[in-house]
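A.B. asks: Listed below are the residues making up each chain.
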Amino acid sequence: MLMQGCLFLFGKKKNVEKRILEEAKALRDLIELTGDRQLNTQAVREALRKIADNVSKLSDIERDRLARKVDELFEEKIAILRGWRESNIRKIKSMLKELRLSKKIPQVKFNRVRMLDSQIKLYDAQLMVLENLRDILVDTIQRGVDPVTAWNRVMRSSTVVSEFVETLAEHAEAYEELMGEGVSEEALETLEEEYGVKEPEEVARKELKKLMEKYGVEE
Amino acid sequence: MSVEKSYEYMMDSLRRIIEFVREISVEWWWFEQGKIPIIRVRKLEVNKNISFEYLPKRPVLDALRVIYSNFEQIKKLDPKNRVDYALKTAQDLYLVLQAISYVIDAHGLAEKIHEARERIAKINPEALDEFIDLANSVIQRIRELLALNVFSWPSKRKEIEEEIKKVLKFAETMSIQEKAKEEVSA
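As given, the protein sequences belong to chains A and B, one line each in that order.
If you count the first sequence from 1, position 172 lands on 172 in the numbering used here, and the numbers rise without skipping.
If you count the second sequence from 1, position 12 lands on 12 in the numbering used here, and the numbers rise without skipping.
The hints are simulated quantities; they were obtained by calculation from the structure and are not laboratory data.
Just so we're clear, the structure is a prediction, and the values are computed from it rather than from any experiment.
Among the hints, erroneous ones may be present.
Unchecked claim - Residues from chain B that keep clear of chain A, each with C-beta distances beyond 12 angstroms, as calculated: (1) Arg-82; (2) Leu-95; (3) Ile-139; (4) Glu-162.
To be verified - To be clear about the criterion: a stretch of chain B counts as covered by chain A if any three or more of its residues have a C-beta under 8 angstroms from a C-beta of chain A, and this derived list gives those stretches: (5) 28-36; (6) 131-138.
Stated by the list, open to error - Below 27 angstroms or equal to it, Euclidean Cα-Cα: the simulated DSSO-like pairs (lysine-lysine) are: (7) B:Lys-169 / A:Lys-198; (8) B:Lys-122 / B:Lys-156; (9) B:Lys-179 / B:Lys-166; (10) B:Lys-112 / A:Lys-109; (11) A:Lys-103 / B:Lys-122; (12) B:Lys-112 / A:Lys-104; (13) A:Lys-18 / A:Lys-57.
Every residue gets a Cβ at the ideal spot worked out from N, C-alpha and C, and that includes glycine.
Chain A extracted, bound-state conformation (with noise of 0.2 angstroms):
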């Protein structure tokens, strides 16, 4: 009988820590872009209070085990936007030293670095948001903390999806914008500078090549 009650205890268990990794997964793909994965913050809300209630019935040593387990069900995810990234990042060097031997810069080319531009920030944004929901989260499951608090650290998690968003949106602004621009010598040269491959000007020296420029006198 007790035998049976320890099984029974134990599979339950197992079944709570089960559905925790499970939410936390689908907590970690909420963070998508495309199709009927969008961002929601209503969802990202919901799932978090779920697990914060969950986690609450487990043992300090499973919910160690567990905290660990979606630190690297996160940072699987992380590292490959990482990747992703980094290899954006080497391509509009690339194309930034290419026009930098150019003359005329063709319309096509610069519209490519501004949307590799975009696609990083983006990232950056992801990633961002990725990081601080795993660290809530094994915050929240490795300490267990009480409802109330997870509740509060639901809605700081909150206010950084929410900013994630507001990103997104500006992102998808820019992208429309970017379309119907011309080739702008002033915003190549700041994302040269931005991907170090020009060296950004002493600011005081930028002031003044303005100050020349306006008053008609030669450097």
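With chain A fixed as given, assemble chain B onto it according to the hints.
C.D. replies: Relative to the frame of chain A, chain B by itself:
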């Protein structure tokens, strides 16, 4: 090592080569990030009949992917044909790797031009346009040479190197002139 393991080892090595070329070709700013078609390879297709035909010229990375797919197809063949097509595909692989080594070599030279451009931009920006014209003509020549016949690279390399020396010499002269001007005005 079993036959299956040897095959897996070879395919794994090919995947690593493809990944390596994908990584380095991104850096080829003067060569459309490696997207310029420069080499012809044969594609093996095994259906009811076997076909092994040359494809039009393609970028090195695509050519490597065709070779990878050939080695996958080879598994479907009987032992006699397998050896025959494996050898032919290996010959193509050798040529693609040779072509890649020439592009890598050319990249080293193109990088010198880029470095000189940055120097000029810093020291004597007024000479930049003239430098860009000169540099672009050499870059264009390297690009055309490789696109036309990549295997002519070893015989033309010296010539290209001389042209690059001229570009670098121009950059150096411009820098010296600018320094002299600064000294005079000081």
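A.B. asks: Run every hint past the structure and note whether it holds.
C.D. replies: Hint-by-hint comparison with the structure:
{"no.": "1", "hint": "Arg-82", "result": "36 angstroms, holds"}
{"no.": "2", "hint": "Leu-95", "result": "25 angstroms, holds"}
{"no.": "3", "hint": "Ile-139", "result": "7 angstroms, violated"}
{"no.": "4", "hint": "Glu-162", "result": "20 angstroms, holds"}
{"no.": "5", "hint": "28-36", "result": "holds (count 4)"}
{"no.": "6", "hint": "131-138", "result": "holds (count 4)"}
{"no.": "7", "hint": "B:Lys-169 / A:Lys-198", "result": "22 angstroms, holds"}
{"no.": "8", "hint": "B:Lys-122 / B:Lys-156", "result": "32 angstroms, violated"}
{"no.": "9", "hint": "B:Lys-179 / B:Lys-166", "result": "20 angstroms, holds"}
{"no.": "10", "hint": "B:Lys-112 / A:Lys-109", "result": "23 angstroms, holds"}
{"no.": "11", "hint": "A:Lys-103 / B:Lys-122", "result": "17 angstroms, holds"}
{"no.": "12", "hint": "B:Lys-112 / A:Lys-104", "result": "22 angstroms, holds"}
{"no.": "13", "hint": "A:Lys-18 / A:Lys-57", "result": "13 angstroms, holds"}
In summary, the numbered hints that this structure violates are 3, 8.
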